[in-house]
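So the protein sequences, as listed, match chains A and B.
Here the first sequence is numbered in our numbering, starting from -6 and rising by one per residue.
Here the second sequence is numbered in our numbering, starting from 680 and rising by one per residue.
Just so you know, the hints here were simulated from the structure itself, not pulled from any lab data.
Certain hints may be false.
DEER-style ranges, computed between Cβ atoms [unchecked claim]:
hint	chain 1	residue 1	chain 2	residue 2	range
1	A	GLU46	B	LYS747	34 to 42 angstroms
2	B	MET762	A	GLU46	41 to 49 angstroms
3	B	LEU697	A	GLY9	48 to 56 angstroms
Far from chain A, by Cβ distances over 12 angstroms, these chain B residues were calculated [stated by the list, open to error]:
hint	residue
4	GLU694
5	SER705
6	PHE742
7	GLU745
8	LYS748
9	PRO758
10	HIS761
11	SER763
12	GLN790
13	VAL791
Distance condition first, Cα-Cα at most 27 angstroms in a straight line; then the derived BS3-like pairs of lysine-lysine [stated by the list, open to error]:
hint	chain 1	residue 1	chain 2	residue 2
14	B	LYS748	B	LYS728
15	B	LYS728	A	LYS19
16	A	LYS19	B	LYS737
17	B	LYS737	B	LYS792
18	B	LYS737	B	LYS747
19	B	LYS728	B	LYS747
Just so you know, even glycine gets a beta-carbon here, dropped at the ideal spot from N, CA and C.
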Amino acid sequence: DAGVTQSPTHLIKTRGQQVTLRCSPKSGHDTVSWYQQALGQGPQFIFQYYEEEERQRGNFPDRFSGHQFPNYSSELNVNALLLGDSALYLCASSLRGPMNTEAFFGQGTRLTVV
Amino acid sequence: AQSVTQLGSHVSVSEGALVLLRCNYSSSVPPYLFWYVQYPNQGLQLLLKYTSAATLVKGINGFEAEFKKSETSFHLTKPSAHMSDAAEYFCAVNDSGNTGKLIFGQGTTLQVKP
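Generate the whole structure from the sequences, applying the supplied hints.
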């Protein structure tokens, strides 16, 4: 089992550009959540996808958007990049069900905006 | 709304000493609580989770945590620290009504001195 895989691992972009990050969930999982982890901070919830729809969203602007595909993989898109978007972006997958279901995290994508 | 507070952003212990990382939560409903560990440049790995079955929860790598409702706490302990335990530790609560959406604390950096 490959677990949760994210690509790319590192990315450098210029302010104003757009970026797409990708995530493949753990086998058998149907729900994908995205988190932003700024340096020295805990992860902050961006949004969650289930059945190809955004189900819940955190306090992030519309510049952050996503998509989930029929195979449950997901993309995170960020438009008009700002310096403050520099962070580790984590994807977590889980199986829709009881509240105690644990989330499995990928290694993350380190985004640097210059 | 749920929230998590981790007391102490940095904890330093000697190898072989007791590890105690503090976590307090705020929740209007019975919480589901998790401890995750993050090694440098890696994603999050689940250490243990509280699911209301037992107040003392044992996890991987010799860690355990005790849920105390009266104190709204879920502190993480390990009897004897090992050098390999040096990492960032995050306490998280599952947002009510939404499987997989986690609210994280700010994290505690554990330093283990030889």
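How the hints compare with the structure:
no. : hint                                     : result
1   : A/GLU46 <-> B/LYS747: 34 to 42 angstroms : 38 angstroms, holds
2   : B/MET762 <-> A/GLU46: 41 to 49 angstroms : 45 angstroms, holds
3   : B/LEU697 <-> A/GLY9: 48 to 56 angstroms  : 50 angstroms, holds
4   : GLU694                                   : 25 angstroms, holds
5   : SER705                                   : 15 angstroms, holds
6   : PHE742                                   : 15 angstroms, holds
7   : GLU745                                   : 17 angstroms, holds
8   : LYS748                                   : 16 angstroms, holds
9   : PRO758                                   : 24 angstroms, holds
10  : HIS761                                   : 23 angstroms, holds
11  : SER763                                   : 19 angstroms, holds
12  : GLN790                                   : 15 angstroms, holds
13  : VAL791                                   : 19 angstroms, holds
14  : B/LYS748 <-> B/LYS728                    : 15 angstroms, holds
15  : B/LYS728 <-> A/LYS19                     : 19 angstroms, holds
16  : A/LYS19 <-> B/LYS737                     : 24 angstroms, holds
17  : B/LYS737 <-> B/LYS792                    : 24 angstroms, holds
18  : B/LYS737 <-> B/LYS747                    : 15 angstroms, holds
19  : B/LYS728 <-> B/LYS747                    : 14 angstroms, holds
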